[in-house]
Structure formats: C-alpha cells, structure tokens
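K.L.:
Heads up: the sequence shown begins at 1 in the UniProt record's numbering, then just goes up one per residue.
In case anyone wonders, no lab produced these hints; they're calculated from the structure.
One or more hints might be untrue.
[To be verified] For lysine-lysine, the following DSSO-like pairs were computed, each having C-alpha atoms within a straight-line distance of at most 30 Å:
#, residue 1, residue 2
1, K84, K174
2, K223, K174
3, K84, K114
4, K84, K223
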Amino acid sequence: MSESPETALRRALEMIEPEMLRGLARTDGGYVELLPDVPAPNPSPASIAMNNRVVATIYEKLWRPFGVSMMGIAGMSMSAERAKAVTDLRLDGPQRVLDVACGPGNFTKFLSEKLTGDGIAIGFDISEAMIARAVQDNRGPRAAYVRGDAAHLPYSDSTFDAVCCYAALYLIPKPMTVLDELIRVLRPGGRIAIMTSCEPRPAPLGSLVGFGTGLAGVRMFPKDLFVDVFEASGLTEVEQDVRGLAQFVSATKENQRNDR
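Let the sequences and hints guide you as you build the complete structure.
P.N.:
Listed below in structure tokens is the structure:
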C-alpha cells in the first residue's frame, strides 16, 4: 500500500514500460520526467496557455471554471463534475487509475482519495508548468505524476483499471491517437471516461462556434463521434451526457473480444 507521496512516486516509476525508458526517467522534480529538456509543443493559443505557469497557478479556481461556463455547463459545479467522474469510472477499491492531461492535478488527487489499499492514481501531462503545480499542490499517498506524451503512453497493454481525460482532447494535436492509447492501456472490464467539446446544432450555429474556437486552437467534436468510436472499439455500456457545448462519454472495455 502507498503510505507517502514518495512511495506513490516510486510506484509510478515502476509502472513505466519499456524498462529502458524507465531507466532513463528522472524523478528529482517530484514526478516521473520522461521528456527531459523537451518543451511541450505550442501549436495554438490554447496550448500556449496550458503551458504557462501563471495559468497553471489559477487554472482550477479561475481558468477552468471560466472555460466550463463558456461550454454551457455552468450548472455543474466542480465538485459535481468530480463526483460524476468517480461514478462514471466506478472507483471503489485498490484500482490503478490514469488521468491523462491532468493539468495541476486536482482531479487526480480527488480520484486518488476514492481508492483503497494499494490503489494509485497517476496524473499524466506534457506541460511542465501543470505538472510542477500538480506536484506542489496535489501529491498524495495514492497520487503521483508523470510528464510525457499521451500519444505514446509508456505503459503495457491493460495496465489500468480506469482511464480518463477531461477537458483536454479538444486541445491535443492527435486526439484520436490519444483515445486509442487510453483504450489500449485499459484492462478488460475497466472503465474509460472523457469530457470534451460537442458541436452545437443547428449546423449554422455549429459553423460559427467552430470558426471561433478554431482560431483559439480548440476543436469541436461531432456529438456521435466518441460513442461511435467506443462502440467500434468493442466497448460496452457506453453512456453519453451532453451539456451545452460539452459532452461526457464513458464506457467499459469488453472482457473478451479485444484482448485475445
């Protein structure tokens, strides 16, 4: 069982695969660093903001709530959103949880507090600023952080009992590659949950919103896209909750067909 942040960090390092990559990783910053001296990419204004230390500092209290209100889900409080994540992921024991694009780690720490025994929540992000803030504010006996590229997750197949990615796929350069990776590292019977953008309807409104968000580097995804992708990947118990310009989608990885 994890008894301290240092133990959680050691366990997070031990989970890295392949072994060669694990041997090259650094942990002197209080997290597992897989990309030393490699800055996060900044292809858009939105991604530049996510790599800014000031934004990382105010992210949870100001930046994210503002973004959530702009997406039309202001009626859901941050605590309600976290509770929904716990429910959608079905957290209730000694599970291994991966939180991709964890930002400053507020969700990661919250999820970790719902685990028991040797359960652990790994917050994963490419932003040095966000990971540094996560280490400063949100380490815990079952919460540790890794800096790396989510398009190439450093884990073996079926490593995690639950995986999630909230408020990030619309900023990521290769969102579908990241989604494939999330599914790959999820064990059979495990749960995946995402929160991302959703194109508004009717079409003229969608075009207008898409133009504005596109300038900022934020994608708007079709309503049925992730449901279709999950079902095509053999996932079951697919659930979708659309709120304004946001959508929550969760599913269970099928126990047999995809892992033979």
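K.L.:
Holds or violated: K84 with K223, Cα cutoff 30 Å?
P.N.:
Holds - the C-alpha atoms of K223 and K84 are around 20 Å apart, at most 30 Å.
K.L.:
Is the Cα-Cα distance between K84 and K174 30 Å or less?
P.N.:
26 Å, holds
K.L.:
What's the verdict on K84 and K114, does the C-alpha distance respect the 30 Å limit or exceed it?
P.N.:
Cα-Cα ~12 Å, so holds.
K.L.:
For a C-alpha distance cap of 30 Å, please report whether K223 and K174 respect it.
P.N.:
Holds. K223 to K174 sits at ~18 Å (cutoff 30 Å).
Violation of the numbered hints given earlier is absent; every hint is satisfied by the structure.
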